[in-house]
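Assemble chain P onto chain F, guided by the hints.
Those protein sequence lines, which keep their order, are chains F and P.
First residue of the first sequence: 199, per this note's numbering; consecutive thereafter.
First residue of the second sequence: 199, per this note's numbering; consecutive thereafter.
These aren't lab readings, by the way, just hints derived from the structure by calculation.
Please note that the accuracy of each hint is not assured.
Identical copies go unnamed one by one, so any copy, or any two together, can satisfy a pair.
Think about it this way: if two alpha-carbon atoms lie no more than 30 Å apart in a straight line, the pair counts; the simulated DSSO-like pairs of lysine-lysine are [what the hints assert, rightly or not]:
(1) K259 with K418
(2) K449 with K320
(3) K288 with K236
(4) K436 with K425
(5) K223 with K425
(6) K412 with K425
(7) K259 with K298
(8) K298 with K509
(9) K412 with K472
(10) K298 with K522
(11) K518 with K288
(12) K315 with K236
(13) K223 with K320
(14) K259 with K223
(15) K223 with K474
(16) K320 with K425
(17) K449 with K350
(18) K315 with K350
(19) K436 with K449
(20) K474 with K418
(21) K259 with K425
(22) K425 with K530
(23) K449 with K418
(24) K425 with K343
(25) K412 with K320
(26) K449 with K412
(27) K315 with K472
(28) K288 with K412
(29) K436 with K412
(30) K509 with K350
All figures in this text were calculated on a predicted structure; none of them were measured in a lab.
Number of protein chains: 2
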Amino acid sequence: MSLFKTFNLFSILFIFATSCNPKTKTTPLKSWNDVTSKSNIIAYVEDVTNPQSENFIPIDKRIATFDNDGNLWSEQPMYFQLYFAIDRIKELAAEHSEWKAQQPYKAILEDDLETLKHIDMKNLIELVMATHAGSTTDEFDNIVKNWIATAKHPTKNVSYDKLVYQPMLELMEYLREYDFKTYIVSGGGVDFMRAFVTDIYGIPAEQILGTRIKTAFEYKNGTATIKRLPEIDFIDDKEGKPLNIQKIIGKKPVFASGNSDGDLQMMQWTASNKLKSFMLYVHHTDSEREWAYDRDSHIGRLDKGLDQAHKDGWTVIDMKNDWKIIYPYELKN
Amino acid sequence: MSLFKTFNLFSILFIFATSCNPKTKTTPLKSWNDVTSKSNIIAYVEDVTNPQSENFIPIDKRIATFDNDGNLWSEQPMYFQLYFAIDRIKELAAEHSEWKAQQPYKAILEDDLETLKHIDMKNLIELVMATHAGSTTDEFDNIVKNWIATAKHPTKNVSYDKLVYQPMLELMEYLREYDFKTYIVSGGGVDFMRAFVTDIYGIPAEQILGTRIKTAFEYKNGTATIKRLPEIDFIDDKEGKPLNIQKIIGKKPVFASGNSDGDLQMMQWTASNKLKSFMLYVHHTDSEREWAYDRDSHIGRLDKGLDQAHKDGWTVIDMKNDWKIIYPYELKN
Numbered sequence: 199m200s201l202f203k204t205f206n207l208f209s210i211l212f213i214f215a216t217s218c219n220p221k222t223k224t225t226p227l228k229s230w231n232d233v234t235s236k237s238n239i240i241a242y243v244e245d246v247t248n249p250q251s252e253n254f255i256p257i258d259k260r261i262a263t264f265d266n267d268g269n270l271w272s273e274q275p276m277y278f279q280l281y282f283a284i285d286r287i288k289e290l291a292a293e294h295s296e297w298k299a300q301q302p303y304k305a306i307l308e309d310d311l312e313t314l315k316h317i318d319m320k321n322l323i324e325l326v327m328a329t330h331a332g333s334t335t336d337e338f339d340n341i342v343k344n345w346i347a348t349a350k351h352p353t354k355n356v357s358y359d360k361l362v363y364q365p366m367l368e369l370m371e372y373l374r375e376y377d378f379k380t381y382i383v384s385g386g387g388v389d390f391m392r393a394f395v396t397d398i399y400g401i402p403a404e405q406i407l408g409t410r411i412k413t414a415f416e417y418k419n420g421t422a423t424i425k426r427l428p429e430i431d432f433i434d435d436k437e438g439k440p441l442n443i444q445k446i447i448g449k450k451p452v453f454a455s456g457n458s459d460g461d462l463q464m465m466q467w468t469a470s471n472k473l474k475s476f477m478l479y480v481h482h483t484d485s486e487r488e489w490a491y492d493r494d495s496h497i498g499r500l501d502k503g504l505d506q507a508h509k510d511g512w513t514v515i516d517m518k519n520d521w522k523i524i525y526p527y528e529l530k531n
Numbered sequence: 199m200s201l202f203k204t205f206n207l208f209s210i211l212f213i214f215a216t217s218c219n220p221k222t223k224t225t226p227l228k229s230w231n232d233v234t235s236k237s238n239i240i241a242y243v244e245d246v247t248n249p250q251s252e253n254f255i256p257i258d259k260r261i262a263t264f265d266n267d268g269n270l271w272s273e274q275p276m277y278f279q280l281y282f283a284i285d286r287i288k289e290l291a292a293e294h295s296e297w298k299a300q301q302p303y304k305a306i307l308e309d310d311l312e313t314l315k316h317i318d319m320k321n322l323i324e325l326v327m328a329t330h331a332g333s334t335t336d337e338f339d340n341i342v343k344n345w346i347a348t349a350k351h352p353t354k355n356v357s358y359d360k361l362v363y364q365p366m367l368e369l370m371e372y373l374r375e376y377d378f379k380t381y382i383v384s385g386g387g388v389d390f391m392r393a394f395v396t397d398i399y400g401i402p403a404e405q406i407l408g409t410r411i412k413t414a415f416e417y418k419n420g421t422a423t424i425k426r427l428p429e430i431d432f433i434d435d436k437e438g439k440p441l442n443i444q445k446i447i448g449k450k451p452v453f454a455s456g457n458s459d460g461d462l463q464m465m466q467w468t469a470s471n472k473l474k475s476f477m478l479y480v481h482h483t484d485s486e487r488e489w490a491y492d493r494d495s496h497i498g499r500l501d502k503g504l505d506q507a508h509k510d511g512w513t514v515i516d517m518k519n520d521w522k523i524i525y526p527y528e529l530k531n
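So here's chain F without its partners, still in its complex pose (with noise of 0.2 Å):
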């Protein structure tokens, strides 16, 4: 065989090689400064997948957890399913006369920002429960998508699908490239989310957790329908995420990521799993790209959670430090 057959034939066996193997891994983090925050998630990464590490866990126990409001995609100056809510009511006004003179809608109406503020993430589901109450899931679903794609948030002017966390994505990517099963565990509406978010975090459906309402089936002359009641089912925030997580998953996460104390019990239950385990708080520090906030904001308040992070030595990514950009939208061609 010639030099030049033998080099053929390893080139061709070569691009067989390469085309089967699934694991081809981009640089990982790319849109993050090389700090602390980077090098602990691939330190982690690295140890618990080497199947040569005293640390390594199986591909099926890879279960990561990640908080959504302030964690994946900002949260300011109002949780976004407030916004949506608030949309909702402004166009349904007219056949509700009476919301005028009765809180929370009245200041909704009114504007009256520095009432809606006060909005907890309990309230603003019965607001969207009770605005969509007896609407079937596939209705709901649509009447999201189409406010994802017209509503803009009302100081960055974009769509809200556009300012989630560039340096999230990439993190999420990564974990997913090294096995890791991502999942959303959010106080957020679970069927709001579903509406649009496996677009923009290649997430599926089945992999998002959030609060949910009570529904009822229905079946008329041989038509199945779902229908949503004006009553919560769970809430899926504080000690609710670290429950929900084992009605729904069944497994203890390996990695979790939060950014307030609603996510301080799914840090702790993951910080309880006997496989190594990574706690990661997102520290809003960015007042001129984001916002800086944490132990007195009046959303995603981060203070316990913070006490606990340094205690435990858990990863806190400071926002303005630690990331190159903040939103998909700043990348460079």
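Same frame as chain F, but now just chain P:
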């Protein structure tokens, strides 16, 4: 290049090409006779996974849901989980002298099978719940694992995990080869199932839906636990099945399989899919190898479901005639 060398080159390429093809299909449904149910299943799967077909279903929408008791394993003469509850109550009886006078404990301690036969899935879950309240999720998992490893079925005299249906194992494997995501959606307790069914069905914990009890999160002295509370959270039966599927999976199934009227709403929900769907009932017709029962059974009653299956042209498995063998231990090597 000599003929010999050419041959060698092609051999090597062939090995590469086949070893990296994840879609090497096995002969489907080996333990099924060549009957209508088998040919219906194969025709459906080949149609909806064919990208040239107008009925093609994208992979992320290939959700297949299976009832468990009487559908993937036997459920006679009583639900297997009831034997678990009985065994546990007998073990714990010494600490509970009050049980001697209290139903259903009295019936259990006196082996009063006539009374026990009338315990339905809700009573059963309440029984397991009452006897294991306060256990942590890990403790309960261990109790179930120990039981399944040692307990024997009263008439078949093998451990309960041997009483799964070989033809249904083949069906789930066949669907997974065509990228369907297989789920269990059962009236049985989700924590009970998760303790061992992953091993017997190849279905991970996060794809097992069932009846669940309320739980509580505790964080004390740096230790996080989730404890079982004596209260039902959700009954995954009848209309509960489509509701739970929508809550947890967030996608409508395209394939549903069950054996009783408790599965009918899941079938109706699946039949309402705009994508081409497949509804499959297991009809227990084999009094010799398994059990024969349907419209008048105290357990796994199949009455309205059978009527709708006939009316709407759903596929019904005649266990006696359609399956070559019932259990895996009947397989010839």
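Checked hints:
1. Proximity of K259 to K418 under the C-alpha cut-off of 30 Å is restricted to the inter-copy arrangement: shortest distance 25 Å between copies versus 42 Å within a copy.
2. For the identical chains of this complex, K449 and K320 are neighbours both inside a copy (26 Å) and across copies (25 Å), given an alpha-carbon limit of 30 Å.
3. In this assembly of identical chains, K288 and K236 lie within 30 Å of each other by CA distance neither inside one copy nor across copies; the values are 43 Å within and 55 Å between.
4. For the homomeric pair K436 and K425, the shortest alpha-carbon distances inside one copy (27 Å) and between copies (16 Å) are both at most 30 Å.
5. With identical chains, the CA atoms of K223 and K425 are never at most 30 Å apart, being 44 Å at best within one copy and 40 Å at best between copies.
6. In this assembly of identical chains, the alpha carbons of K412 and K425 lie at most 30 Å apart whether taken from the same copy (9 Å) or from different copies (24 Å).
7. In the homo-oligomer, the alpha carbons of K259 and K298 never lie at most 30 Å apart, since the shortest distance is 52 Å inside one protomer and 43 Å across protomers.
8. For the homomeric pair K298 and K509, neither the shortest alpha-carbon distance inside one copy (49 Å) nor that between copies (52 Å) is at most 30 Å.
9. In this assembly of identical chains, the alpha carbons of K412 and K472 lie at most 30 Å apart only when taken from different copies (24 Å versus 35 Å within one copy).
10. In this assembly of identical chains, K298 and K522 lie within 30 Å of each other by CA distance neither inside one copy nor across copies; the values are 46 Å within and 70 Å between.
11. Proximity of K518 to K288 under the C-alpha cut-off of 30 Å is found in neither arrangement, the shortest distances being 36 Å within a copy and 62 Å between copies.
12. Proximity of K315 and K236 under a CA criterion of 30 Å is satisfied in neither setting, with 33 Å inside one chain copy and 60 Å between copies.
13. When the C-alpha separation of K223 and K320 is checked against a cutoff of 30 Å, the pair qualifies neither within a copy, at 41 Å, nor between copies, at 49 Å.
14. Taking identical chains as interchangeable, the C-alpha atoms of K259 and K223 lie at most 30 Å apart whether they share a chain (21 Å) or sit on different chains (27 Å).
15. Taking the closest pair of Cα atoms, K223 and K474 come within 30 Å of each other only inside a single copy of the chain (23 Å); across copies the shortest separation is 37 Å, beyond that limit.
16. Within a single copy, K320 and K425 get their C-alpha atoms as close as 20 Å, and across copies as close as 24 Å, so both meet the 30 Å cut-off.
17. Taking the shortest Cα distances, K449 and K350 sit within 30 Å of each other only across copies (28 Å), while inside one copy they are farther apart (38 Å).
18. Proximity of K315 and K350 under a CA criterion of 30 Å is satisfied intra-copy only: 18 Å inside one chain copy versus 61 Å between copies.
19. Proximity of K436 and K449 under a CA criterion of 30 Å is satisfied in both settings, with 18 Å inside one chain copy and 26 Å between copies.
20. Proximity of K474 and K418 under a CA criterion of 30 Å is satisfied inter-copy only: 20 Å between copies versus 51 Å inside one chain copy.
21. Only between protomers do K259 and K425 lie at most 30 Å apart by alpha-carbon distance; the minimum there is 21 Å, versus 35 Å within a single protomer.
22. For the identical chains of this complex, K425 and K530 are neighbours neither inside a copy (45 Å) nor across copies (50 Å), given an alpha-carbon limit of 30 Å.
23. In this assembly of identical chains, K449 and K418 lie within 30 Å of each other by CA distance solely across copies; the values are 21 Å between and 38 Å within a copy.
24. Proximity of K425 and K343 under a CA criterion of 30 Å is satisfied intra-copy only: 18 Å inside one chain copy versus 38 Å between copies.
25. Both within a single protomer and between protomers do K412 and K320 lie at most 30 Å apart by alpha-carbon distance, with minima of 14 Å and 20 Å respectively.
26. When the C-alpha separation of K449 and K412 is checked against a cutoff of 30 Å, the pair qualifies both within a copy, at 24 Å, and between copies, at 17 Å.
27. Proximity of K315 to K472 under the C-alpha cut-off of 30 Å is found in neither arrangement, the shortest distances being 40 Å within a copy and 41 Å between copies.
28. For the homomeric pair K288 and K412, the shortest alpha-carbon distance inside one copy (25 Å) is at most 30 Å, but the shortest distance between copies (38 Å) is not.
29. Proximity of K436 and K412 under a CA criterion of 30 Å is satisfied in both settings, with 20 Å inside one chain copy and 16 Å between copies.
30. For the identical chains of this complex, K509 and K350 are neighbours neither inside a copy (40 Å) nor across copies (50 Å), given an alpha-carbon limit of 30 Å.
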